[in-house]
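With chain X fixed as given, assemble chain S onto it according to the hints.
The lines below spell out each chain.
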Amino acid sequence: MNGYLFAGYTVIWTILLFYLLYLNKKQRETGEKLKALSETLRQEHLEE
Amino acid sequence: MWLANSSRALSSARISVRLVAWLLVPLYVLGVLALYTAFIHAPTERVMGDVQRILYFHVGAAWTAFLAFFFVFLGGILYLIKRNVFWDYLAAASAEVGVVFTTIVLVTGPIWARPVWNTWWPWGDPRVTTTLVLWLIYVAYLILRSSLGEGEKRARFSAVFGIIGFIDVPIVWLSIRWWRTIHPVLITKTEVKMEPEMFQALIVSVVTFTVFFVALMSLRLAMHLHNSAAEEMAQAVRERSE
Chain X
1 MNGYLFAGYT VIWTILLFYL LYLNKKQRET GEKLKALSET LRQEHLEE
Chain S
1001 MWLANSSRAL SSARISVRLV AWLLVPLYVL GVLALYTAFI HAPTERVMGD
1051 VQRILYFHVG AAWTAFLAFF FVFLGGILYL IKRNVFWDYL AAASAEVGVV
1101 FTTIVLVTGP IWARPVWNTW WPWGDPRVTT TLVLWLIYVA YLILRSSLGE
1151 GEKRARFSAV FGIIGFIDVP IVWLSIRWWR TIHPVLITKT EVKMEPEMFQ
1201 ALIVSVVTFT VFFVALMSLR LAMHLHNSAA EEMAQAVRER SE
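Listed in order, the protein sequences are those of chains X and S. For the first sequence, position 39 (counting from the first letter as 1) is numbered 39 according to this note's numbering, and the numbering increases by one without interruption. For any residue, its number in this note's numbering is found by taking its place in the second sequence, counting from 1, and adding 1000.
With the rest of the complex left out, here is chain X (with noise of 0.2 Å):
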């Protein structure tokens, strides 16, 4: 296979798997923001 194509398709895939990885990174970060919250609920529930 020529070089310069496989290097092409290499460099798409890499952009995309590194931002798929930027978006479950997002993700969790926003899993621990709402797990955070269910947590605090869940304290004043049984304080109250």
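Treat the hints loosely; a few may be bogus.
[Unchecked claim] With a Cα cut of at most 16 Å, we get these calculated EDC-like pairs of lysine to aspartate or glutamate:
#1 S:Lys1082 to S:Glu1242
#2 X:Lys35 to S:Glu1232
#3 S:Lys1082 to S:Glu1152
#4 X:Lys35 to S:Glu1231
#5 X:Lys26 to S:Glu1045
In case anyone wonders, no lab produced these hints; they're calculated from the structure.
Positioned in the frame of chain X, the structure of chain S alone reads:
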């Protein structure tokens, strides 16, 4: 009130996530088909050889970037009219995905240009320059968003920026017709200057990238909506406990 906003955001997010789930199988099938048509179905170009096969994903990514920036433009207009933050999040999600696809265009272009035009970056070529400007505009859009805090001001500024920034998209598209450039005009109103199998591979790639864009944009939009609902609820809990 906050509960109503949050629940609306969460139900919109649920629809976005469901859309992504529906698109996974078609996306997989289209991805395999796009690779098959680009590498097997399409013939090898006589002059450039195998490296010309970069065209299918290079153009697919470029088309998707244009579409993404159109959604930024549309989201901006709809936000300014309706003042609904959903349109702001839609524009933000589209801008981010658009920047990713423009990055693919700007990186695969030089890899193709080096063996064909004997240069990595043809400075002075209108299409290359205007595409770089396009990338810079939307990177600036994302920087502007991250520098302003969540709220009406950020949404308004971003909407105006996104609408004005879109001016560069038709300029990129028409640059090869307006000015002298080494980018060939392959598709005109009357003819397609490529083999039918090559054109079929290009169409499949464009469709695949479009579906991929819809999936990524919906996913990012769902994240924005989840995040906004979480922020809003946390704020309400803080206010209640004070």
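Taking the hints in turn, this is what the structure says about them:
1. Restraint check: the Cα-Cα separation between Lys1082 of chain S and Glu1242 of chain S comes to about 33 Å, which exceeds 16 Å; the hinted pair is violated.
2. For the proposed pair Lys35 of chain X and Glu1232 of chain S, the alpha carbon gap of about 14 Å is at most 16 Å, so the pair holds.
3. Of the supplied pair hints, the one linking Lys1082 of chain S and Glu1152 of chain S holds, its CA atoms being roughly 12 Å apart against a limit of 16 Å.
4. For the given pair, Lys35 of chain X sits about 12 Å from Glu1231 of chain S by alpha-carbon distance, which is consistent with the 16 Å threshold.
5. About 42 Å separates the Cα atoms of Lys26 of chain X and Glu1045 of chain S, which puts this hinted pair outside 16 Å; it is violated.
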